[in-house]
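There are 4 protein chains.
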Amino acid sequence: MDDLIKHVSRLERGFTEEMILEAESQELTALFLNCTLKTSNFVSNTRVLIDKVVKKFEEQKIECEVITVLDYKVSHGISSEKEDDDDEWPIIYEKMKEADIVIFCSPIWFGVRGSVLQKVIERMIGAYADVDKKNGQYPMYGKVAGVIVTGNEDGAHNVVTTTQGNLAHMGFLIPPNSDVYWVGAAGAGPSYKEAGQKHLYTNKLVEYMSANVPFYARLIKANPNPIDIKKLTTKAKRVSDPLPDWEHREGDEASPTDRERAETDMS
Amino acid sequence: MDDLIKHVSRLERGFTEEMILEAESQELTALFLNCTLKTSNFVSNTRVLIDKVVKKFEEQKIECEVITVLDYKVSHGISSEKEDDDDEWPIIYEKMKEADIVIFCSPIWFGVRGSVLQKVIERMIGAYADVDKKNGQYPMYGKVAGVIVTGNEDGAHNVVTTTQGNLAHMGFLIPPNSDVYWVGAAGAGPSYKEAGQKHLYTNKLVEYMSANVPFYARLIKANPNPIDIKKLTTKAKRVSDPLPDWEHREGDEASPTDRERAETDMS
Amino acid sequence: MDDLIKHVSRLERGFTEEMILEAESQELTALFLNCTLKTSNFVSNTRVLIDKVVKKFEEQKIECEVITVLDYKVSHGISSEKEDDDDEWPIIYEKMKEADIVIFCSPIWFGVRGSVLQKVIERMIGAYADVDKKNGQYPMYGKVAGVIVTGNEDGAHNVVTTTQGNLAHMGFLIPPNSDVYWVGAAGAGPSYKEAGQKHLYTNKLVEYMSANVPFYARLIKANPNPIDIKKLTTKAKRVSDPLPDWEHREGDEASPTDRERAETDMS
Amino acid sequence: MDDLIKHVSRLERGFTEEMILEAESQELTALFLNCTLKTSNFVSNTRVLIDKVVKKFEEQKIECEVITVLDYKVSHGISSEKEDDDDEWPIIYEKMKEADIVIFCSPIWFGVRGSVLQKVIERMIGAYADVDKKNGQYPMYGKVAGVIVTGNEDGAHNVVTTTQGNLAHMGFLIPPNSDVYWVGAAGAGPSYKEAGQKHLYTNKLVEYMSANVPFYARLIKANPNPIDIKKLTTKAKRVSDPLPDWEHREGDEASPTDRERAETDMS
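As they're listed, the protein sequences go chains A, B, C and D.
Residue numbers for the first sequence follow my numbering, beginning at 1 and rising by one.
Residue numbers for the second sequence follow my numbering, beginning at 1 and rising by one.
Residue numbers for the third sequence follow my numbering, beginning at 1 and rising by one.
Residue numbers for the fourth sequence follow my numbering, beginning at 1 and rising by one.
Note that these hints are calculated values from the structure, not bench results.
Treat the hints with caution; some may be incorrect.
The calculated label-pair distances, taken between Cβ atoms and stated as ranges, are [said to hold, decoys possible]:
| id | chain 1 | residue 1 | chain 2 | residue 2 | range |
| --- | --- | --- | --- | --- | --- |
| 1 | A | 60 | C | 58 | 55 to 63 Å |
| 2 | C | 97 | A | 132 | 56 to 64 Å |
| 3 | C | 65 | D | 58 | 26 to 34 Å |
Quick list of in silico lysine-lysine cross-link-like pairs, DSS-like style, CA-CA up to 27 Å [stated by the list, open to error]:
| id | chain 1 | residue 1 | chain 2 | residue 2 |
| --- | --- | --- | --- | --- |
| 4 | D | 61 | C | 231 |
| 5 | D | 198 | B | 193 |
| 6 | B | 198 | A | 231 |
| 7 | D | 55 | C | 237 |
| 8 | A | 55 | B | 230 |
| 9 | D | 56 | C | 231 |
| 10 | D | 198 | B | 198 |
| 11 | D | 133 | C | 56 |
| 12 | B | 55 | A | 235 |
| 13 | A | 61 | B | 73 |
| 14 | D | 235 | C | 198 |
| 15 | C | 133 | D | 56 |
| 16 | D | 56 | C | 237 |
| 17 | A | 198 | B | 235 |
| 18 | C | 134 | D | 56 |
| 19 | D | 231 | C | 61 |
| 20 | B | 231 | A | 61 |
| 21 | B | 237 | A | 193 |
| 22 | B | 56 | A | 133 |
| 23 | D | 230 | C | 56 |
| 24 | B | 235 | A | 55 |
| 25 | D | 82 | A | 73 |
| 26 | A | 230 | B | 61 |
| 27 | C | 198 | D | 231 |
| 28 | B | 52 | B | 193 |
| 29 | D | 61 | C | 230 |
| 30 | B | 55 | A | 231 |
| 31 | B | 56 | A | 235 |
| 32 | D | 235 | C | 56 |
| 33 | C | 193 | D | 237 |
| 34 | A | 231 | B | 61 |
| 35 | A | 82 | D | 73 |
| 36 | B | 193 | A | 237 |
| 37 | C | 230 | D | 198 |
| 38 | D | 235 | C | 52 |
| 39 | C | 52 | D | 230 |
| 40 | D | 193 | C | 231 |
Computed from a predicted structure; not experimentally measured.
For every residue, glycine included, the Cβ atom is placed at its ideal position computed from N, Cα and C.
Using the sequences provided together with the hints, build the complete structure.
Here it is, written out as structure tokens:
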């Protein structure tokens, strides 16, 4: 009866049987991308904090995978495909596309997010060329993001807000209190592993994220966003100046602007 | 029948009759805060862009109110109460608490958000002392935020991401593509009113925001986030270092950390 | 003999007698702008840190003035002139123009610089319309800037870098290690007054700034930058597209772009 | 006679014969680091803009070298030494140490500086462990920095200010108007190569940087900053809390805080 009601309710919102079945049949999965500057041969501070959230997620039966990005060869670039023969970005990208929840985890360096997370964000630009054929939605639509940050000192707000804003622009939903961070006082000092694990503020953020992120992930999995980016783009074109020459290319319907960016040279 | 099914479905998720009835009985309302540096005696560029989103919202029967913040006297400070006799912030704060959707709108000055929006964000710190008595939720939980930005040039990403990140931390839900911005090329140049109104990229963002923000506002109004901040805070305390002296104050349960910040002197 | 040698040396670099005499005859003066959110009736945390630098400056015979910006009525706007009858910005602006060194001091709110400093930066846009008649230099050329920041937590890098970058763009010279900040660990906590005064890292920054800023202030006072902005602008125009209509206004030679911005409506 | 006067004047300021001779005997050299996401097999937009500044510098007899960072293998890390066998960072670092002027050049990606420039900044943290044995000055003291940025759209202020602020903290002097950038209007669009080369604002910035950066580079080469970081650090320690255990390590005099950071694991 429960299932039936949910089912009918969703059908009424215009979703297909297929979409609903897919949502029902899958449990939540979460991918954590650890963008530390080292490989998993070393226990990073960021990883120690990640593990606290993983534990909370697993208590809720969420299937978690933690990836240390530098365990893979990830080339600089802005496409989803291999930039060169060694490039392993597509492996990470595929995992990302399969997850309901993606948590972006980074140390702070000089007040901003580390180069590995920045490289990941750049590679994700390729997703703009990988849209849903029917409605033009970017592949990150339907997913929920979180951000975890550690640093000896200062910069967490910058890393969190820059990353959350970028991710929302790519299609992720950003829940309230979906950030977790630890930083010490001004200047260098002990790291999270030694000094931060019993820090009340950070532990509160762990709790809030671990409640909020799964709640919204379930909510939007059961209630997919029906936005039709293709139609809306066409609508926008009607009230806009005609495209300049550089934008007239074939198959450009879904998201010409951003796809262009992905195809253009890398400045 | 439709209503009945929705009703049952929600009851099953554990919401009370009262919560559901409230959600059903109210239409969506949206508050736009225009943080231009001038009063409404002048037509701001930001306002011209705001009006495009308002029109799209009204087509969806959303009740919209646009406020020019500088039409009110808003003192510098970090509390929700009057900072001085002339202070009219509480009027704006009350409107904000009543809205389902709040859209923060600002010009860019020197690459970052203008001083009026910054002042608004600072006053919103007071909300941390104004939590739900039962579950400790901040008053911005259950609301959806958007950001609208105009500038002659450069800085939109900074304004959008900083603001979205701050708002998520305060309890707002940040939907995908909930930002709208227009900027011209490097350096000064014509403003949005003259040069931006037919700009395709900005018009696309208007469409995307106008589809996404109401969708999620309805979704979370019908499916309130049950997070119990009070309980989670207590849980976090159990695994954390005891509070230092400065944090031991009465009634400190819900969110001591941030409330403290609101009560402390203004640096 | 010492003076003579210096004098000859400067003449050889092409400076006029007048310029040299002016540099010789004046002692260094420093203006500290305390952009706390309160008036000087309260002892701000930022002020306590400011006073440490003032002490070091005074030991070097630098004449220091500390202003609490909120002791003055400063309207929102982007001009150097009074925005309304009560506006006292011109008083502060004049003090700034007379100083050799200007130190911008602000608390952090929500990870970024406070609204009072942002308001100050916005008003300084007016300086682009107040250039040297001969060479078009902005009035902040020939001055050295520093930044002092306090916050319970996180955000100092953002405040410092945003402000230093803005100030360099306005004509200030930014010396190495000309920033001083204190922040506590993640989340709210005790403020600088109670917790930061013996913090080694911050005290080191106080020493470095107090050595560097006066050194460069003396150096550039004795060796003024001969840049001719007017001539360089004319040179740039020769290799650029003709000005669009909105930029064709009289007396536009010195810095049309930024002056335009100052004259345009406030978005 | 000219040389003699200069010589005496400098001796009076306390510089050694050796320091003066070194300054006199060398012409200015400038290193441009092109942090595009591609190798020099492709003509990057950033490179086209770089070449305009190089031309202006060469007209002033400054010896210029342009490096495309991705032509070298640069590993992620925070040290000056090889992070692994293939790592070629030390080659770039040595070039940097030899230059009087270093210009950091980057595309914008998602509103912030690209991952290659971020990686460069991270590697430069190693410089904190490579200080002058006598006075503890960081190796970037005595150098002048500039920043060049291109992007299809929005983000230049963020890249410029973040980078200038970081560099000042490392010891660089940041002159007024030492940034050059080009960005197009909101959203993707044509790149600098096609659309920006005749853009007046950017061409003005090219002129200003090309006048300011060499002026200050010559000025500080002839008048080295005598700051004694070691002595000042000792002075700061006297008024600070004793070092916590993690900071007590050998040979830690010059800059324990930052060196610690360099030695610590990479979060």
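*Hey, residue 193 (chain B) versus residue 237 (chain A), does the alpha-carbon distance stay inside 27 Å?*
holds (18 Å)
_Satisfaction of the hinted span 56 to 64 Å by the C-beta atoms belonging to residue 97 (chain C) and residue 132 (chain A)_ = holds (58 Å)
_27 Å Cα cutoff - pair residue 198 (chain B), residue 231 (chain A)_ = With a Cα-Cα distance of about 18 Å, the restraint between residue 198 (chain B) and residue 231 (chain A) holds, given a limit of 27 Å.
*asked:* Run the distance test for residue 231 (chain B) versus residue 61 (chain A): straight-line Cα separation, threshold 27 Å.
replied: Holds, because 21 Å separates the two Cα atoms, which is no more than 27 Å.
*Verify the proposed pairing of residue 198 (chain D) with residue 198 (chain B), using a straight-line Cα cut of 27 Å.*
holds (24 Å)
_Given hint residue 237 (chain C) paired with residue 56 (chain D) - CA-CA distance at most 27 Å_ = holds (16 Å)
*Are the Cα positions of residue 230 (chain A) and residue 61 (chain B) separated by 27 Å at most?*
The hint holds at about 23 Å.
*Taking only the CA atoms, is the gap from residue 198 (chain A) to residue 235 (chain B) under or equal to 27 Å?*
Given that 27 Å is the threshold and the Cα spacing comes to 12 Å, the pair holds.
*Taking 27 Å as the top limit, are the C-alpha atoms of residue 55 (chain B) and residue 231 (chain A) close enough?*
OK: residue 55 (chain B) and residue 231 (chain A) at ~18 Å, within 27 Å.
*asked:* Need the status of pair residue 230 (chain C), residue 198 (chain D): alpha-carbon distance at most 27 Å?
replied: holds (19 Å)
*When you check the alpha-carbon spacing of residue 230 (chain D) and residue 56 (chain C), does it fall within 27 Å?*
Roughly 17 Å between the alpha carbons, so the hint for residue 230 (chain D) and residue 56 (chain C) holds.
*asked:* Against the 27 Å threshold, does the CA-CA distance of residue 82 (chain D) and residue 73 (chain A) hold or violate the hint?
replied: holds (18 Å)
Against the hints set out earlier in the document, violations occur for numbers 3, 13.
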